[in-house]
Amino acid sequence: MNAYLHLWLIPLAPFAGFLFNGLLGRRLPKFLVTTVALLAPLVAFAAVANAWLLSQANPALLPLAEICPNPWINIATLHVDFSLILDQLSLVMLLVVTGVGFLIHVYSVGYMHDDEGYARYFSFLNLFLFFMTVLVLAGNALVMFVGWEGVGLASYLLIGFYFQKKSAADAGKKAFIVNRIGDFGFLIGMFLLLANFGTLSFDGIGAQLALNPAWQGGVLTVIALCLLLGATGKSAQLPLYIWLPDAMEGPTPVSALIHAATMVTAGVYMVARTHVLFDRSPFALGVVAVVGAATALFAATIGLVQNDIKRVLAYSTISQLGYMFLACGVAAYSAGIFHLVTHAFFKALLFLAAGSVIHGMGGEQDLRKMGGLWRKLPVTFAVTTVGVLAIAGFFPFAGFFSKDAILYAAFQQGPSGKALWAVGLVTALLTSFYMFRLWYLAFLGKPRSEVGHHHATPLSMLGPLVILALLSICGGWIGIERFSAYLAPATGARPAEAAGHLELILGLVAMGVALLGWFVADRLYRQRPTAAADLAAAYPAGYKLLANKYYVDEFYGATIVRPLLALSKFILEWVVDVAILGGLAWLLGGIAMLSGAILQRWQSGNLRSYAAWLAAGAAALLLYVLVPWATVLASLSIIHFGVAGH
Amino acid sequence: MNPTTTQLLQQEVPLSWYLLLSAVLFALGVVGFLIKRNLITVFMSIELMLNAVNLSFVTFAHQWHEVKGQIFVFFVMMVAAAEAAVGLAIIIAVFRARATLAVDRIDLMKL
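Keeping their order, the protein sequence lines are chains B and E. For the first sequence, counting from 1, position 307 maps to 307 in our numbering; every step adds exactly one. Counting the second sequence from 1 gives a position; our numbering is that position plus 1000.
With the rest of the complex left out, here is chain E (with noise of 0.2 Å):
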């Protein structure tokens, strides 16, 4: 191996790097929550929002040499785990009433 691959591997990868990758996540989350229209998507895309946030809390954790943000992502996921469970509790639910999972459809709650 050349010596400037070696050097570049030997280096830390930027912090910058990490967050963008967060924020690129996130925003996939978003708009995917925003125009999927089966419920099953739209749940997937919060754990995707959930997942990059997660990121952005170990990499600050690193940085900054505090467990604080570790800890934090622990929580994150074990609230997601019991969401993921409610949440499919509730699509089976709905399919079972509704027969569908379109987003645009179940809109009973509407005046």
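Isolated chain B (complex conformation) (with noise of 0.2 Å):
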């Protein structure tokens, strides 16, 4: 069976796309360049489809491990090999990265055509899969580790893949640095695993807890808190989200699927995959929690206010990943992952239909600027609307189910329980009223202005949306039921939900906040389309607070960034520039004219002195070779013994 599933297919693939567009691409015809480019998430994607259909016919199949034979770190007790691990909960994630993945490289053809940088594109676009399969097919903490520095590489790339502009770039380093923050944690949380457990194999840290039934909290805790910083920032949560507003530099199908669908849900995977350690932990799991609703709800007031179209999506991505947090803290993974899944279908499909509308708007990103567009991009308007409905939680809409599931298992869990609850629930409102605002103000109405001419859309930017508005409707009919029982082998069996009452009634709530935000939006951006205007000139405060985005940039850039600026300049001027390098400068030059003044004797122009020299150094060859030195040292030293002894 074994010999028809090979791991390490999935990840190199889309590596020998990045190699061969990397080095090559730039002086290759577009379409070779074209088809490299989708042939190597396409072959990933069929091993994936593959590894699924066996393990479906066999389910005993999973979890499969892949071990390179060879150890790769092996220092005294350290001891890490380079292992790939295939179970329920890796293979639903490469379903995901690889098949959305290949979607949006699809869309990317059409999107990018006339890029300066297509091949360059396409090949860091590859490069990403490579790493994001890698991050999800991980064994061990410290290959995770290596997939998850390789995707935020290839973010940052992305992110400044228009580096000519220097907003692009600085989002580019924004990202990355932000990054760092929470990557910090993650090395010190694997310092604090292999301190404790001596490995960092996920299957040797679960086993290892197994064997201690009451082992709880302590370092467990700040191993899982220095886990959850590296997933906040990553994932984009409090307090390190502040760099994936900005990632909406990138080109849009880099949005949809780094900055949207597949890597900023990162985090949740890792607390997923590491889930054993957050189970041991109370405390962890209510931060977890904690974080993730807070990050929901705040995202969610932001989005209410924006005007740029990528931006509305980007702080309704936080917010998505709050509700996906909040599902892991009351440990309710399955929940968190299928939601992660629905919400990679609508959001993709969301950004690419952005990405749809500013390419036919000819670059243009802002919301007050659309209206009307439902003419011009019919089929644009249709996938959108699924997007929101499937946003906002509308049965029988993907996200309907994956949201239910999470708020019904927050409700489940006592009094805090349902202050979680409530949390969603207005974040829920929030979310359907900020997108059906969008859709209001891009689609419908008057157009605000004429932007030169609409580009049609092509057919490779038309076929990846119907793909995944088909998906955006039907991704949710699975179930959290069925989907929880086959995730159940990875994230640790829960007692059986009892579907009953509570759950319908919970689900009709949320259906009814939906439309209740559909209303207030309808009200206020399609009957009266002045009432937005007047209610923000009513409460000129609150609106400004919103729409400078609470002042969390200028407060970081107050408190953290300027503070460490100055301290780097001072340490760059004072010691690092006049100290140490003034003062190497100033010991390396003494050295020479010393050793100079000193040798320069020996330069003495005199004939007779080099002569002598000379016949110095051939009398002291004659005599090295002439005597029998090891005879001599040998009677010197038995004479030395010879006095030793006595």
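It should be emphasised that the hints constitute simulated quantities derived from the structure, not laboratory data. All values reported here derive from a predicted model rather than from experimental measurement. There's no promise every hint is true.
Unchecked claim - Here are the in silico distance ranges between beta carbons for each label pair: (1) E:Arg1096 / B:Tyr610: 21 to 27 Å; (2) B:Gly589 / E:Val1031: 42 to 48 Å; (3) E:Ser1016 / B:Gly617: 25 to 31 Å; (4) B:Ser635 / E:Ala1093: 51 to 57 Å; (5) E:Met1078 / B:Arg608: 41 to 47 Å; (6) B:Ala585 / E:Met1078: 31 to 37 Å; (7) B:Gly617 / E:Ala1085: 27 to 33 Å.
C-beta atoms are modelled at their ideal positions from N, C-alpha and C, and glycine is treated no differently.
Two independent chains are provided; combine them into the complex using the hints.
Right, dumping it as structure tokens:
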């Protein structure tokens, strides 16, 4: 059975595509670049699909571990293998990553068709898929960290894809540096794992925890919180979410793939992957839940007033990631992963549709200048409608099922769970409102500006849109019960959730809230188009606070960035430049001059002194060759020992 | 002539005598090279050293019935001749420029 299942093929196919297009792409014809760029994720997806089919036929196949026969790191007690592991969790994640990844590659062919960096773009995109699959398949924390850092690199490269633009280059740097803070937490967590478990492999950690059922809290809490810090960096949660809105500087398909569907969900995946640690620390779980709920609400309120279509979607991504963390925080990992999957579908769809809108508007991203697009972009309008209904949580679209599962799981967790549920519900209301706001502003009403000619949307862009729209409709139909039953071997068995009146009522409440959001948006943006502006004028302080995103960027700038810059400048200028570099130059110069002053006496210009040195050298050589030194030394040592002996 | 003298003449001169002579000549050359101030004398000392070496070459060639040593002597003589030509030309040029042949005073290459 294993002969047909090569895990290493999954990451290596995109890597080959990266190498090919990265090294040769500039000199090759476009169709060849396109072929290779599409083939890479397709091969990976085929391998994943094959694995899925095989595991369906033979459930005993999972979990499947593939370990490189030679140890990767083997120093004293530190032993780390390059191991890949395929279980239900990584399989679901891989299906999303490679499947949505492939669709977005196809979309990019149309979107990037006349870009100068065509080959560069696709090589980066393939590189991202390589690292993402490594991250997902990782069998231990260090391999995961390799993928973790790698997707960060790919994200940096793609955010700064238009590197001639200063804002894009800055956004890339911001994403990289903010992520570094989270990675610091991940690293400390790994060191603590090594110190306390002696292994980084997820299986090994799980086995050791299973042996000590009483082991709770303490160092486990610290480890879980360190890992959580890493997750908040990658998944754009409070307090490290600030990089994601700026990441929208990258090409729109990149926003769809990396900054909505896959990479930013890596934090959720990591928490689910290390759930054995979180399960042993109620405090850490509580922190996860609170961080998730707070982020969900916080980002949703900012999303209410943003005018850039991609920024609205970016804040909505942060908010939805908060939902996933909320689910993980109430130990409903399968609900979190379920929402991750459906979110990947509808958020990729919304971003790609936004890309189609921007493409059609000739690069315009301001919602205030759009309007009435449904006539010009009918397909985009239709799929966006599906996406909006899905994210707002309307039955029977995908978002309804996963959001409902999370809210239901939170509601069952006692009084604090009820509070989380309430926050989630308010967030759902806000989500529904700002998504319908976007929908009304962009597609309905009258065109508010005439931006040149409208591009037709090519087929390569429409195809993925339609497929993702179908997935956004049907993606949730599998239902949380079957989904969590499938994931149970990987995320731990949960007691069967009794679906009954309560779930039905909660589902109806969520639906009602979504409808309310739609209704408010309808009032404000369709029936009385001036109402929104009046509202903003009525509460200028509140509006300003939201429009400026709670001044968080300014706050970080004043408290962290500027002091750090001043300190760095001081260290660089005075310590490094003057003291170290200046001192070193002075020291080296002094040594050279001193040795020169001594050695120059040798070069006296006196011919006879040269000749004398020559003769002395020859005599010394002769002495060395002729005298049997070994014998002489031996006799000397005999004398020495003779003396010592007495 | 008494028989001892005859015997002595019929005997070969021992190897060590030649080598000793060669070493003495070489040492004289070295000493002359080091202590003489006149450039021409220094030059002649070099020639003396070369010839001392030639002597030991020939000695060994005779001793081991090998022709290589003698061939080497030809090479050395050839190089010595060339060197004499070039060296004397340099000496004349130096003398014209500096009006002296004292080795100690020819130190323009010094830093």
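Against the structure, the hints:
1. Remark: the range hint 21 to 27 Å for Arg1096 of chain E to Tyr610 of chain B is upheld by a beta-carbon distance near 24 Å.
2. A C-beta distance of roughly 43 Å is found between Gly589 of chain B and Val1031 of chain E, which places it inside the suggested range of 42 to 48 Å.
3. With their beta carbons about 27 Å apart, Ser1016 of chain E and Gly617 of chain B fall inside the hinted range of 25 to 31 Å.
4. Distance hint check for Ser635 of chain B and Ala1093 of chain E: the Cβ-Cβ separation is about 55 Å, which falls inside the suggested range of 51 to 57 Å.
5. A beta carbon spacing of about 28 Å between Met1078 of chain E and Arg608 of chain B contradicts the range 41 to 47 Å that was offered as a hint.
6. For Ala585 of chain B paired with Met1078 of chain E, a C-beta distance near 54 Å fails the hint of 31 to 37 Å.
7. For Gly617 of chain B and Ala1085 of chain E, the hinted distance range of 27 to 33 Å is satisfied, since their beta carbons lie about 28 Å from each other.
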